[in-house]
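Participant: Chain by chain, the residues run as shown.
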Amino acid sequence: MRAMATKLLSCLRSAVARLALSTPLDVRLLDRGLSVGEALAAFNAAHGDAGGMVSFLGKVRSDGDVRALELTHYEPLTLPGMQDLARTAYTRFELEGALVWHRVGVMVPGEAIVLVAAAARHRRCAFEAADYLMDHLKSAAWLWKREKRGDGWHWVEPRDADRTDLARWK
Amino acid sequence: MGVRILFLGPLRDLAGEPERELPAPLDWTGLLAAVDPEIAEQLREPRVHVACGGRVLTDKTRLNARDGDEIALLPPVSGG
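As given, the protein sequences belong to chains A and B, one line each in that order.
Residue 143 in numbering that gives the first Met the number 0 sits at position 144 of the first sequence; the count goes up by one each step and never skips.
Residue 41 in numbering that gives the first Met the number 0 sits at position 42 of the second sequence; the count goes up by one each step and never skips.
Please note that a few of the clues may not be correct.
[To be verified] So, partial list: chain A residues that the calculated Cβ filter (under 7 Å) puts toward chain B: (1) Leu-56; (2) Lys-58; (3) Ala-111; (4) Val-113; (5) Leu-142; (6) Trp-143; (7) Lys-147; (8) Val-155.
FYI, nobody ran anything at the bench for these hints, they're computed from the structure.
Bear in mind the structure is a predicted one, so any value in this text is a computation, not a measurement.
Note that the Cβ used here is the ideal one computed from N, Cα and C, for glycine as well.
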């Protein structure tokens, strides 16, 4: 009887188990796929008092003959740089919290590369923070991207538009 | 032990190797002389940064790597 009750309890616990996020900032470099629904549900639960939450999910485009994308990083700089970025956004946009997750490794079209979420008292701050975080992750984080096409791997250079986007925040 | 040089992103392909050991101490002139001319040319570009001991140098020409230091050569980034 007791064994059954314990089993039932642990079942209930796992049914409500949530991904544990660190608050107010959760910054991660991930070497495997991320569950967007789970991440956003946990983020929403962690910031129940925020008036609004904005998220952005970046995915591998199936452009032309792109078969895969690879992101590499430099351990001593990449994650600390992303943490600094999250802290700056937190202060600048008066956030209640932020989630900044970036994939590294090889991904195929349709797969998630990056997920950011910002929670704030009012929507404008949350929108701007998500935009700010993405512009900086695109062209000011220590990440290098290359794509595999029919004729092999090609490094992706930052576009002029990425630099212009970044300059908006200066 | 020497100094460990890491070639990041496209610099890795250009160098034909992910890393290389060089004797310590190593300064900017020493680094430019030790790497392939193609890499040296890239390093002189303002958009290419250099990190030593886990910190990005504000002025890479003042590089002063000691025994055991790791130097990372950082070309323009592209994330997201």
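Participant: Decide, hint by hint, whether the structure agrees.
Facilitator: Consistency of the hints with the structure:
| no. | hint | verdict |
| --- | --- | --- |
| 1 | Leu-56 | 11 Å, violated |
| 2 | Lys-58 | 10 Å, violated |
| 3 | Ala-111 | 11 Å, violated |
| 4 | Val-113 | 5 Å, holds |
| 5 | Leu-142 | 4 Å, holds |
| 6 | Trp-143 | 3 Å, holds |
| 7 | Lys-147 | 14 Å, violated |
| 8 | Val-155 | 5 Å, holds |
When each numbered hint is compared with the structure, violations occur for hints 1, 2, 3 and 7.
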